[in-house]
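Asker: Mind docking these for me? Both chains are given alone in their own frames, and the hints should help you get the complex.
In order, the protein sequences belong to chains A and B. Per my numbering, the very first residue in the first sequence carries number 107; after that it's consecutive. Per my numbering, the very first residue in the second sequence carries number 503; after that it's consecutive.
These aren't lab readings, by the way, just hints derived from the structure by calculation. All C-beta atoms, glycine included, are put in the ideal place defined by N, C-alpha and C. Warning: the hint list may mix true and false statements.
Ranges between beta-carbon positions, derived for each pair [to be verified]:
no. : chain 1 : residue 1 : chain 2 : residue 2 : range
1   : A       : K122      : B       : I604      : 53 to 61 Å
2   : A       : K143      : B       : E783      : 14 to 22 Å
3   : A       : R129      : B       : S786      : 36 to 44 Å
4   : B       : S786      : A       : G116      : 30 to 38 Å
5   : B       : S792      : A       : G116      : 31 to 39 Å
6   : B       : E608      : A       : N162      : 47 to 55 Å
7   : A       : R129      : B       : P745      : 35 to 43 Å
8   : A       : N162      : B       : D736      : 20 to 28 Å
9   : A       : I155      : B       : E524      : 33 to 41 Å
10  : B       : E523      : A       : G116      : 36 to 44 Å
11  : B       : E608      : A       : K122      : 49 to 57 Å
12  : A       : K143      : B       : L568      : 29 to 37 Å
13  : A       : D126      : B       : N785      : 42 to 50 Å
For lysine-lysine, the following DSBU-like pairs were computed, each having C-alpha atoms within a straight-line distance of at most 30 Å [unchecked claim]:
no. : chain 1 : residue 1 : chain 2 : residue 2
14  : A       : K145      : B       : K847
15  : B       : K814      : A       : K145
16  : B       : K814      : B       : K857
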Amino acid sequence: MFGRLADIAGNSFTVKDVADTDRLINMLHKTYPALAKAKYVIAVNKQVITSNTLLNENSVVALLPPFSGG
Amino acid sequence: MSNANLYERYHRQIILPDFGEEGQQKLLKAKVLVIGAGGLGCPVLQYLTAAGVGTVGIVDDDVVELNNLHRQVLYSVNDIGLSKAETAAQVLRELNPEITIICYNERLTTQNALTIIDEFEIVIDGTDNFSTRYMINDACVLLAKPLVYGAISQYEGQIAVFNFRKYRDDEAVNYRDIFPNPPKEDEILNCVEAGVLGVLPGIIGTMMANETMKLITGVGEPLSNQLLTYNALDNQVHLFTLPAGKETRSLIPKDEAEFLKTDYVWLCSPSLSDVEIDFHEFNSLMEKGSADVIDVREPNEIPVVDEFAHIKIPLAQLADNSRLIKSDTVIAFCQTGRRSLQAAKILSGIFGNTKKIYSLKGGITQWRKQKQPA
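So here's chain B without its partners, still in its complex pose (with noise of 0.2 Å):
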């Protein structure tokens, strides 16, 4: 790239006392990684490239759907049903053709998460649940790397920046030396149930980008060790100082074979005795006549089942017909409980939290037996 263009494309950020053409340099040999394209990746991304970050990852294995436009920002109705990752990327490049963007079109797991992340130096939290921020968190506490983090929730939101020693004395937070144990998924509400205002990810996102700048560049003061929380209704801000907890450590595993081993999905799921319910349970929520019920037996599996109506989707079949699930409770039942449990976490995978799904502890054989006692 040519230094003229170097000059004419950032000439108003190199002018800035303290920013200069040392602090361009170094924004262009940086190395970013996003992860999430939606509600904070968005103007990070965008604020990022603008801003010359010289090689950006984007982490995203979603599509963009017609909900995402009042606050995803990079998209637009053309892009509805393709890869945020690469339609992103598409926008991006055209906005600052001369860095690198880089497309993860995967979704984030223990397995791919440690070597991903160790391509870049800083990681950017835009991702929408816990499971995955904790995973992001602890490998970057692993590896050593930056991590600014963002939240949301309804007209507030959450920024900090994580693993980042500004001095060698310095403790680094993570985030676990907050909040030390993830919520179970049900314990707090997502965007889908709870809402978001469409301008909330974009000045929480905004933030973000301009935290990693000081990272990057050195000018300024990044929340490192920081919480700042921010209030969209009445523009309150807080800035909160944070403590290193050693014993944090023990939560975070403590090396690359004890990660891949490590069920984020888990931690964060409502656990199994929310899951299952019993005979009267079972009974009393066909009473309220809402709940779609499944039989994910084979076809022919006997007995066959009179008492109540259901739709039959054998376990194998049950991730590509989920669809035929319209009700907003689901009650799984099989022959002795254990396939419907499965069902139930292959259903709880693919709604999250927008049904409340059961499993038929005992199955259908239970079932029977306490309804005519011998």
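Next comes chain A alone, as it looks inside the complex (with noise of 0.2 Å):
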């Protein structure tokens, strides 16, 4: 998690059992309410995805907000 999103969920943690980038991103959202008002890309295994991604238990995903300052 960076900037802002660290505050809401912390700064990592494990999931388990998440197939897909989508099911993962739904899941966040419950436990995370302010999660779904945030803006952010996705990252699995450092590569940003524009799509639905599947994960295995192996998968590193990060989520990235935009930053602004200067």
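Answerer: What follows is the structure, given as structure tokens:
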């Protein structure tokens, strides 16, 4: 979790038995409603994804919010 | 500039393997535009000037403030109140008189962005808000200019290189491929609200200067189509690869004419429905007691409002008198709610996210009707 998302959901944690990113996001939004309102991009194993992606037990998922500060 | 000078000034980088005189010549011929001379802009400008980038443009319409000095290290106490672009230029010219610095002491808008950006080869985004960032991104896609992107928030930073193809068949990613649409400005904290560690823009900005050097000289691997994240607290660095999204092309203005008509500020501002408040919302804000209420009507308009305390600032004088507004919550009203909506837009432009700004829907006319149903 990066930026403000870490304030909402913690820095990192492990989940089990989640088949793909759509399911993962659904689950996260239910657990952390504030996440549902946040804007972010999803990366699986360091690759930013643009559509639902399968996950396995070694997948590392990152949620990245946009920053604007300068 | 004499060759002897060249050798002496840049000696330490010229002797680097792979860099050489050839690398230095490329730097000297390069034209780079740095948009924003703040937290990110200062280190970028400093290091690119020092390295000998031949032409450096600076765009910034802001002035130096005391609270800048913990992180914007080109400036000093003697510069407070002075133009950032011009002050930076002065400092940089003393650091390296042999390069050309071009100052744009103005705000980048759709009206000047394409003209200014087209004069340069590489663009560096050191701005601090989404509407400008999206505008710069779109302009760079339209003009096919590589864009070195950097952004910070509290203790974390992001860097990427957009619109750059290392090899002819590469896809060039742009910012919209990751974040197709801007968040509303009030969805994201800015530095005023969230805070920022002074060294962070120093680190990220210097990395942006590094990426720029790599683009110009061809030495090393720039972050082309990649996003680097850095966390100053735990030193975690992550590299993410980015996909080029063909669908996002439609979000970018397709030509200059369309670009000129795009309102980037509107794209990022809170929606109108968040700004207008009704009778009940108005009353509950008033009950909290901390809002400044502004009557933006002309001085002699009736009805005279005596039901609640307020300040009278006619709409035309609002921008010049914004300092009269002290509270963090501001409600503008007028006769029917139209002028106060204008007022709210003006005040949002001035105060940004630092204040909550509202407009009384239906104006005092509607409010009185609801207060005393006939």
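Asker: Hint by hint, note whether the structure agrees.
Answerer: Hints, one by one, checked against the model:
| no. | hint | in the structure |
| --- | --- | --- |
| 1 | A:K122 <-> B:I604: 53 to 61 Å | holds, 57 Å |
| 2 | A:K143 <-> B:E783: 14 to 22 Å | holds, 20 Å |
| 3 | A:R129 <-> B:S786: 36 to 44 Å | holds, 40 Å |
| 4 | B:S786 <-> A:G116: 30 to 38 Å | holds, 34 Å |
| 5 | B:S792 <-> A:G116: 31 to 39 Å | holds, 34 Å |
| 6 | B:E608 <-> A:N162: 47 to 55 Å | holds, 53 Å |
| 7 | A:R129 <-> B:P745: 35 to 43 Å | violated, 21 Å |
| 8 | A:N162 <-> B:D736: 20 to 28 Å | holds, 27 Å |
| 9 | A:I155 <-> B:E524: 33 to 41 Å | holds, 40 Å |
| 10 | B:E523 <-> A:G116: 36 to 44 Å | violated, 52 Å |
| 11 | B:E608 <-> A:K122: 49 to 57 Å | holds, 55 Å |
| 12 | A:K143 <-> B:L568: 29 to 37 Å | holds, 35 Å |
| 13 | A:D126 <-> B:N785: 42 to 50 Å | holds, 48 Å |
| 14 | A:K145 <-> B:K847 | holds, 24 Å |
| 15 | B:K814 <-> A:K145 | violated, 39 Å |
| 16 | B:K814 <-> B:K857 | holds, 19 Å |
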